[in-house]
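**Student:** Sequence:
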Amino acid sequence: MDVEKVLKRLVRVGTVTDIDNAKRKARVKFQDCNMTSGWLYVLDTHPHIPAYDPAQQKTELQDGHQHDLTIKPWMPLVNDTVLTLYLPVFNGDGFVLGGIG
Numbered sequence: 001m002d003v004e005k006v007l008k009r010l011v012r013v014g015t016v017t018d019i020d021n022a023k024r025k026a027r028v029k030f031q032d033c034n035m036t037s038g039w040l041y042v043l044d045t046h047p048h049i050p051a052y053d054p055a056q057q058k059t060e061l062q063d064g065h066q067h068d069l070t071i072k073p074w075m076p077l078v079n080d081t082v083l084t085l086y087l088p089v090f091n092g093d094g095f096v097l098g099g100i101g
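Every letter in the sequence shown is one number past the one before it in this note's numbering, and letter 69, counting from 1, is 69.
Bear in mind the hints are in silico, worked out from the structure with no lab data behind them. All C-beta atoms, glycine included, are put in the ideal place defined by N, C-alpha and C. Possibly wrong hints are sitting among the right ones.
As the list claims (entries may be wrong) - With a straight-line Cα cutoff of 25 Å, these simulated DMTMM-like cross-link-like pairs (lysine to aspartate or glutamate) come out:
| id | residue 1 | residue 2 |
| --- | --- | --- |
| 1 | LYS72 | ASP32 |
| 2 | LYS5 | ASP32 |
| 3 | LYS5 | ASP93 |
| 4 | LYS8 | ASP32 |
| 5 | LYS29 | ASP93 |
| 6 | LYS25 | ASP80 |
| 7 | LYS5 | ASP20 |
| 8 | LYS29 | ASP18 |
| 9 | LYS25 | ASP2 |
| 10 | LYS5 | ASP44 |
| 11 | LYS23 | ASP80 |
| 12 | LYS8 | ASP93 |
| 13 | LYS23 | GLU4 |
| 14 | LYS23 | ASP44 |
| 15 | LYS8 | ASP44 |
| 16 | LYS8 | ASP80 |
| 17 | LYS25 | ASP93 |
| 18 | LYS23 | ASP93 |
| 19 | LYS72 | ASP18 |
| 20 | LYS29 | ASP44 |
| 21 | LYS72 | ASP20 |
Claimed, not checked - Label-pair ranges, simulated between beta-carbon atoms:
| id | residue 1 | residue 2 | range |
| --- | --- | --- | --- |
| 22 | LEU83 | VAL3 | 32 to 42 Å |
| 23 | ILE71 | GLU4 | 33 to 43 Å |
| 24 | THR70 | ASP32 | 15 to 25 Å |
| 25 | ILE71 | LYS8 | 28 to 38 Å |
| 26 | LYS72 | ASP2 | 17 to 27 Å |
| 27 | LYS29 | ASN91 | 13 to 23 Å |
| 28 | THR70 | LYS8 | 32 to 42 Å |
| 29 | VAL3 | THR70 | 38 to 48 Å |
| 30 | LEU83 | ASN34 | 16 to 26 Å |
| 31 | THR70 | LYS29 | 29 to 39 Å |
| 32 | LEU77 | GLU4 | 23 to 33 Å |
| 33 | HIS46 | PHE90 | 26 to 36 Å |
Could you put the whole structure together from the sequences, leaning on the hints where they help?
**Tutor:** Structure, rendered in structure tokens:
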């Protein structure tokens, strides 16, 4: 098998069909071959909070305000388009690398 064919099977774009938030896994449908994957691990993406100046957090009615903030790692949603990567071995595990678009 030539390198191009191998790479086409390793790196793929597909649409998320199911997610398991607790296990951080997703199933993905690949349109080019009308196949749905098994459960793929979703890579852990560390949340990022940009720096901000609390003094700038004001409204016309108040000197300042505060909101609760919940930070969660990214997980794809059903129907999201994602990029996947498979290990180059027979029946190798696959991973969701991230979203597209």
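**Student:** Please go over all the hints and tell whether each is borne out by the structure.
**Tutor:** Structure-based check of each hint:
Distance hint between LYS72 and ASP32 is unfulfilled; the C-alpha atoms sit about 32 Å from each other, more than 25 Å. Restraint check for LYS5 and ASP32: the C-alpha separation of about 14 Å stays at or below 25 Å, so the hint holds. For the proposed pair LYS5 and ASP93, the alpha carbon gap of about 18 Å is at most 25 Å, so the pair holds. Of the supplied pair hints, the one linking LYS8 and ASP32 holds, its CA atoms being roughly 11 Å apart against a limit of 25 Å.
For the proposed pair LYS29 and ASP93, the alpha carbon gap of about 16 Å is at most 25 Å, so the pair holds. Pair hint LYS25 plus ASP80 holds up; C-alpha atoms about 14 Å apart against a cutoff of 25 Å. A threshold of 25 Å between alpha carbons decides the hint, and for LYS5 with ASP20 the separation of about 30 Å lies outside it, so the pair is violated. About 9 Å separates the Cα atoms of LYS29 and ASP18, which keeps this hinted pair within 25 Å; it holds.
Note on LYS25 and ASP2: the hinted pairing is violated, with a Cα-Cα distance of about 30 Å set against a maximum of 25 Å. Taking the CA atoms of LYS5 and ASP44, the gap is near 28 Å; set against the 25 Å cutoff, the hint is violated. Simply put, LYS23 and ASP80 have alpha-carbon atoms about 18 Å apart, close enough for the 25 Å limit, and the pair holds. Among the hinted pairs, LYS8 with ASP93 is consistent with the structure: their alpha-carbon atoms are about 16 Å apart, no more than 25 Å.
Only pairs whose Cα atoms come within 25 Å are accepted, and LYS23 paired with GLU4 is rejected, the gap being roughly 32 Å. At most 25 Å may separate the alpha-carbon atoms for a hinted pair to count; LYS23 and ASP44 meet this at roughly 11 Å. A C-alpha spacing of about 24 Å is found between LYS8 and ASP44, which places the hinted pair at or below 25 Å, so the restraint holds. Our distance criterion of 25 Å between C-alpha atoms is met by LYS8 and ASP80, whose separation comes to about 20 Å.
Proximity of LYS25 to ASP93 is assessed by CA-CA distance (about 12 Å); at most 25 Å being required, the pair is judged to hold. This hinted pair checks out: LYS23 and ASP93 have alpha carbons roughly 15 Å apart, not beyond 25 Å. For the proposed pair LYS72 and ASP18, the alpha carbon gap of about 19 Å is at most 25 Å, so the pair holds. For the proposed pair LYS29 and ASP44, the alpha carbon gap of about 21 Å is at most 25 Å, so the pair holds.
Only pairs whose Cα atoms come within 25 Å are accepted, and LYS72 paired with ASP20 is accepted, the gap being roughly 15 Å. Judged by the Cβ atoms, the range 32 to 42 Å given for LEU83 and VAL3 is violated: they are separated by roughly 19 Å. Judged by the Cβ atoms, the range 33 to 43 Å given for ILE71 and GLU4 holds: they are separated by roughly 41 Å. Checked against the given bound of 15 to 25 Å, the beta carbons of THR70 and ASP32, roughly 37 Å apart, lie outside it.
For the pair ILE71 and LYS8, the beta carbons lie near 36 Å from each other, so the given range of 28 to 38 Å is met. Take LYS72 and ASP2: their Cβ atoms lie about 42 Å apart, and the range 17 to 27 Å is violated. Remark: the range hint 13 to 23 Å for LYS29 to ASN91 is upheld by a beta-carbon distance near 19 Å. A hinted range of 32 to 42 Å holds for the C-beta pair THR70 and LYS8, which are about 39 Å apart.
One distance hint, 38 to 48 Å for the beta-carbon pair VAL3 and THR70, holds here, with the actual separation near 45 Å. Between LEU83 and ASN34 the Cβ separation comes to about 19 Å, which falls inside the hinted range of 16 to 26 Å. Separated by about 30 Å at the C-beta atoms, THR70 and LYS29 satisfy the suggested range of 29 to 39 Å. LEU77 and GLU4 have their C-beta atoms about 32 Å apart, which keeps the hinted 23 to 33 Å range intact.
At roughly 32 Å, the beta-carbon separation of HIS46 and PHE90 lies within the given 26 to 36 Å, and the hint holds.
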